[in-house]
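Trainee: Below, each chain spelled out in residue letters.
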Amino acid sequence: MEPAHNKAGAKPGFEEYDYSNFYYGAGDDPLNLLTPFARWWRDAVPNGYYLYQEALEDAPTTHVRVRNGKTKQVQDLLNLASYNYLGISYRPEVKQAAIEAVEKYGLGASGSPILSGTFGIHERFAEELAAFKGKEATIIFPTGYSANVGFISALMRSGDTVFLDQYSHASIVDGAILAKSKTVFFRHNNPLDLERKMARVKGKKLVVVEGVYSMDGDVCTLPEILEVTKRHGARMLIDEAHSTFLFGPNGRGVAEHYGLDKEVDFHLGTFSKSLGGQGGFVCGSQDLIDYVVAFSRSRFFSCNLSPVLVAGLRAGLQIASEEPELRAKLWSNVAFLRRRFEEEGVDIGKSNSQVMPVMVNNDAKVFAVAEKIQDRGLFLNPVTYPAVPKHKSRLRISVSAAHSEEDLEKAVGIIAGVLREEDICR
Amino acid sequence: MSLTRYGYRNAINGFFEFPTENARRILPRGIEPVEPHHGSSVLAVTVFHFHESEVGEYGEVVYAILTPPRVEDGRLPQGAFFPWQVATTSKASREHAIERWHLPHWMDDVGVDFEPSNEGRSLTARVEAEGSLALEMTITDHSWNEVSHLYQSFQQDDEGRYMCNILFEGEKSEHEEETGRIKLHEHPFNRDIEISEVFEQPFREMWMRDGHQLFDPLRTL
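Protein chains in written order, with the numbering used here: chain A, 1 to 426; chain B, 1 to 221.
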């Protein structure tokens, strides 16, 4: 009789596997997962995975030209996939600042920030950012990822404990790993579970939350989680990657939105979301920043941000500071889209921000839905297991202040139409 | 090659996060736990109602830790596990599993009881050992699909180390809705587990019904 693992008719299709099946594999050869992964990948790409990493051919504005991963044809699409929440990255004054900087500085920083890679423009930008956030000082990192990794590992050590929301971004988790601290995950946005877990732990404790969670678009339950944090003598880091420049009376983020800006110990943000650029930062007291400069290896051992990029970011920061109407327009767009989705019966989960998951809740259908939506003129990215739980697959929308109501109405029409055809909404 | 078949009416399984330090205390040297989160390993609890086997009808509970599968030519397994405590409702089934599969056993008969609820959409298993309740686990359903999934099981005893391919075929529901629950009682049956560190809701629930397991012959590693 044929062995069970080769039994006729038992050969699985690509849909029986996902990325998680190719992470762990015991054996003697570090390359032993390459062949099974390649075999799966050959089937997975034409069946939907081509929708990842599709190449854009011009600026990530509200409309983009995208090279279809399956047909290789360039499509003109309405763009609800890029961050660029304030539509700043392609503003003329931003581009002009970058052009002038490239003429002055050339391409890159050519050095680590602690050696030859810091320019006057970096220092001025850090000061302007600190002023915007209402803090003493700021440290700038080459990416948002390196900001979390560098900051957490600069502060925490072996024997300390980092408490993370179960939906924490990979950069937060990796920061805790690099710190060699004990990591304890609490249930998403759940202060009761955090309380239960903190009660058993002694020593240095750091709680890390995000202002807006990037897969569900829900805002942190900050007051309740902060109360637990403080009661247990812990410090708190808030990652405002998706909320800086958007939330709060001055756009400082979710901590400001709740009136808890001073109570939260450490504030982290990025430039890739609302400003549409690149990089990350942490701000706080001068003593804190001096210490982090000395011990954040991800910054220490990376080349500094290009002065060209910094010039564009300075122009972007100025726009974000001086044009609060952009935030107002973004929230007006968010309200419009929420209302229209509700009217059309489209489920956007627990989102209460500009990040909206269109819930498909069907891992077998999500790629077919995404393909149809793209073929009808809308650029959106599917998100499936293991990035989200099983059966919680979705399409992720990033709303921008630059979208017009006509853009959003068109998007609603395409999404609701496809979801109805696929029996996913009424 | 002769396969061993076990037909089941129901098999419910929960994946529970528990500290990797706890997992490492259980695992033998050379076997690593799978970590869904840094520092968290997976305690897999499965309760079976077998109705067809070489040793008749019986109930079984398996405590296992998820481990990386061994990558070989042919089909890639869905996953792998190291069972460190198995208990059954009959002496015959226990002796059969020890002899054929070298599985570590609780050496007395246990009581295994299944109770459906919520109009058949959830199933609770209760396991009693030495006259008192050791474990209660409720698993809920989701969409049902016919599946054929390959797993690997690793075993070790004083005589050696072993591996077995196991094919699960039948109806299966699998989800991550966190609607199930486990209650591990303070009991010698659970002596290897730091109960307070086990999150009581499974992050993944599986329910298999009207199917079978096909075991390849045991391989010595």
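Don't take each hint at face value.
Pairs of lysine-lysine residues, derived as DSS-like cross-links and limited to a Cα-Cα distance of at most 25 Å, are as follows [said to hold, decoys possible]:
hint, chain 1, residue 1, chain 2, residue 2
1, A, K197, B, K91
2, B, K91, A, K390
3, A, K95, A, K70
4, A, K365, A, K410
5, A, K410, A, K350
6, A, K230, A, K182
Which residues of chain A face chain B? A partial, calculated answer using Cβ under 8 Å [said to hold, decoys possible]:
hint, residue
7, F14
8, A26
9, L107
10, T183
11, N361
In short, the hints are calculated from the structure, not lab data.
We put the CB at the ideal spot given by N, CA and C, even for glycine.
Trainee: Hint by hint, note whether the structure agrees.
Mentor: Hints, one by one, checked against the model:
| no. | hint | result |
| --- | --- | --- |
| 1 | A:K197 - B:K91 | 41 Å, violated |
| 2 | B:K91 - A:K390 | 39 Å, violated |
| 3 | A:K95 - A:K70 | 32 Å, violated |
| 4 | A:K365 - A:K410 | 22 Å, holds |
| 5 | A:K410 - A:K350 | 23 Å, holds |
| 6 | A:K230 - A:K182 | 19 Å, holds |
| 7 | F14 | 12 Å, violated |
| 8 | A26 | 4 Å, holds |
| 9 | L107 | 37 Å, violated |
| 10 | T183 | 5 Å, holds |
| 11 | N361 | 10 Å, violated |
In summary, the numbered hints that this structure violates are 1, 2, 3, 7, 9 and 11.
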